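If you want the building blocks of each chain, they are given just below.
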Amino acid sequence: MADLTTNFIGIKSPNPFWLASAPPTDKEYNVRRAFEAGWGGVVWKTLGSEGPPVVNVNGPRYGAIWGADRRLLGLNNIELITDRPLEVNLREIKQVKRDYPDRALVISLMVPCDEESWKAILKAVEDTGADGVELNFGCPHGMSERGMGSAVGQVPEYIEMVTRWVKQHSRMPCIVKLTPNITDVRKPAAAAKRGGADAVSLINTINSITSVNLDLFSPEPSIDGKGAHGGYCGPAVKPIALSMVSEIARDAETRGLPISGIGGVTTWRDAAEFMALGAGNVQVCTAAMTYGFKIVQEMISGLSEYMDGKGMTSTADLVGRAVPNVTDWQYLNLNYVTKAEIDQDLCIKCGRCYAACEDTSHQAIAMGEDRVFSVKDEECVACNLCIDVCPVENCITMRPLAKGEVDPRTGKKVGDYANWTTHPNNPMAQAAE
Amino acid sequence: MTNSQLTPGIVPGRLGAEDYARNFSDIAPRYDAHEARVAADRCYFCHDAPCMTACPTSIDIPLFIRQIATGTPEAAAKTIFSQNILGGMCARVCPTETLCEEVCVREVAEGKPVEIGRLQRYATDTLMETGSHPFARAASTGKRVAVVGAGPAGLAAAHRLAMKGHDVVVYDPRPKAGGLNEYGIASYKSPGGFAQAEVDWLLKIGGITVQNGMALGAGLTLDGLKADHDAVVLAIGLAGVNALRAEGEGLENVLSAVDFIAGLRQEPEKAKLAIGRDVVVIGGGMTAVDAAVQSKLLGAENVTIVYRRGPEKMSASDHEQEHATSVGVRILHNAAPVRVIGNGAAREVEFAYTEDGPGGLKLKDETFRLRADQVMKAIGQTLDGAPEGLAIEGGKIAVTGAGRTSVQGVWAAGDCALGGEDLTVTAVAEGRDAAEDIHASLMG
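Taken in sequence, the protein lines are chains A and B.
Going left to right, the first sequence walks through residues 1 to 433 as UniProt numbering numbers them.
Going left to right, the second sequence walks through residues 1 to 444 as UniProt numbering numbers them.
Read the hints as simulated data drawn from the structure, not as lab findings.
Please read these numbers as outputs of a predicted model, since none were measured by experiment.
All C-beta atoms, glycine included, are put in the ideal place defined by N, C-alpha and C.
Wrong hints could be hidden among the right ones.
Examples of chain B residues toward chain A, derived with CB under 10 Å [to be verified]: (1) Arg42; (2) Tyr44; (3) Asp48; (4) Ala49; (5) Val105; (6) Glu110.
Covered stretches of chain A (chain B as the covering partner; in silico rule of three or more C-beta atoms under 8 Å from a C-beta of chain B) [what the hints assert, rightly or not]: (7) 64-70; (8) 345-352.
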């Protein structure tokens, strides 16, 4: 069986599945349950400065969107950092780490943007025995109004400055957690690197209003008829997170910077995808909040089985495997021609491919007698929409045309690799070499 | 309780009060909102959906299910009612397993269709419970239309005609309107007085007068109706019952299953209904199943359906047959009655085994007997009381197009008219379409 042990910036854990800093990691009780369930590590819910803790709203703090059968697809929250006294959290962290020395335990921190505040909190956490700190520059709600969280994460100069303070005043490994509420995630990542961060973690939650109450005309979750934007997470944000992780993994300036992948990881497959795009481990929250801690067992068994099947013996074999294949649009092979093919044995004749193609795409699917649906190769541009809307997995597939085969749509033979940079329609094209 | 299932003869009160209550309660209760959402989520919103094609009234099923899924069941109901004003009853009695649900792509793919019938009931019940009627009449046309028969076809025709602005009089021989919805459906499919509630709700459209106790030959003549109205719709159903043509048919307690079902429907206290210890039902359709199942539910010890051909020829669906056997009804195939035996009242039925070959059905020499306190005939209904002068074809009123009979100005719809299966939903479709055709010819 594949070895899932990971060493992430010197922090060892029996598997790459960590719980993200969030409600599930706010208390000793929860964290012990998580470790008992098998989680490899935990990022303790964000601690603030000493003194009276923050308060949370006393009405609903989560909103959600659902898919079919009320499967939770996205969760949004307006919860702040821990609302429990600092000393209680520190005492509990110390006890838990003592009892679970083989698990990773990282402390998330968020204090005002001045050196003294950071110096003080680092001193306070140092003797807990925790394995590292994660700087919360990500939370988009509440704390950002007070100049913390994403308010810092949106200014690369601040990220660099605070990271530098942290590295200066602590010997603990330092992960900088990034906000996605920014135009180009490579900028804050590069700033973290310049400041001396050992790693970045991303994504934190996305500014969001999940729904509007159409009786109260209030955003949900509604607090006495008013709502504030929250932070969005869960399966729905995974594509955004994967893209951001890949950008950092392949950018010249940030390449090689360890990444802890976060954003909608729900199954082993999601985790493997993040890792293939360069994440050394993953952090999970919404899936645990939806199904409980037990889901990690499926993640462990699934990743092991996948790695065994691929002949991978350690997670290092997987991490970054897909990064070289993330490229710019302009380098995509324009001579890669595929055609949709419908497996008539698998087809259940729902006709969604037909409706989608006929109404919204290229009129490339024919509907014949007895609801037999077939692809018109001379019209099919291979857009993939039919596959995306088909309810049956693998019923519609894409068949790549062989080199030299004639594309019935264009009447041209499939040629060698050629991309936009050399395409005659491109005014900036360079002559093909 | 003095009687039991073992009490000889034909007696009431074979069961306890709770048994009757359970046996005749709603067989498939209305979904609650959560169940409906879960069931609705399974619909794929197919293009040119097979379910819609299979529905005789062409209800836009994917649309109404999507309306349920998005939390607007009353809009869903309006989608249903716009095609089928008796969508509430059809949701209860349609053999969906041989119509919409049979062709549902999820039935084909997984053997488990979207539960269209139950979703339809959720939507229609939700709207009907509000008491509001979703349609309004067009301005009066001043035209008068007579509808003979207040069953599904007649009511559907009357509603559509009234909606178009015509004044409609519906004549029916029975004391209550509804036809087979009121008198001919197994009680557990439509408990709680739903059939009458549905009629009352339907009549809220306005412009429809119902006159009970009147039928062709009993106060009405076709010529009279034609003289007084701009158009006539005949929706008189099949009032006759086929005879066994077996010796002893005239014995006491050899009865029509249709009458048995009607009597049962009209009796609110099922414990008062007398039923035999041994009941034999002869036939292979829905009426046979409904009579047999309800005999069993009334406490008969032994109930047997005997059908002269094989199971594949039974017009009762597999689902209906399974339901019958699940309550303890025995179904015997390939046997035909040759005589009813008894001294005054039926005591036994003698059957001959049959052979269904290319040359037709043949009786074999081998026979057997079944004890029978009651023998119920469910071997089909026949057209009875059709007015003179109408062309008849295959035992039904001949029609062309949307129910036009051979007589100018007279339309026919439902079971009495040629074409289509004898189903509630088909009757509704025919009544509706005849009404549209009448409207076009009156206004054209």
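Going through the hints against the structure:
no., hint, verdict
1, Arg42, "holds (8 Å)"
2, Tyr44, "holds (5 Å)"
3, Asp48, "holds (6 Å)"
4, Ala49, "holds (8 Å)"
5, Val105, "holds (4 Å)"
6, Glu110, "holds (9 Å)"
7, 64-70, "holds (count 3)"
8, 345-352, "holds (count 5)"
Violated hints: none; the structure is consistent with every hint.
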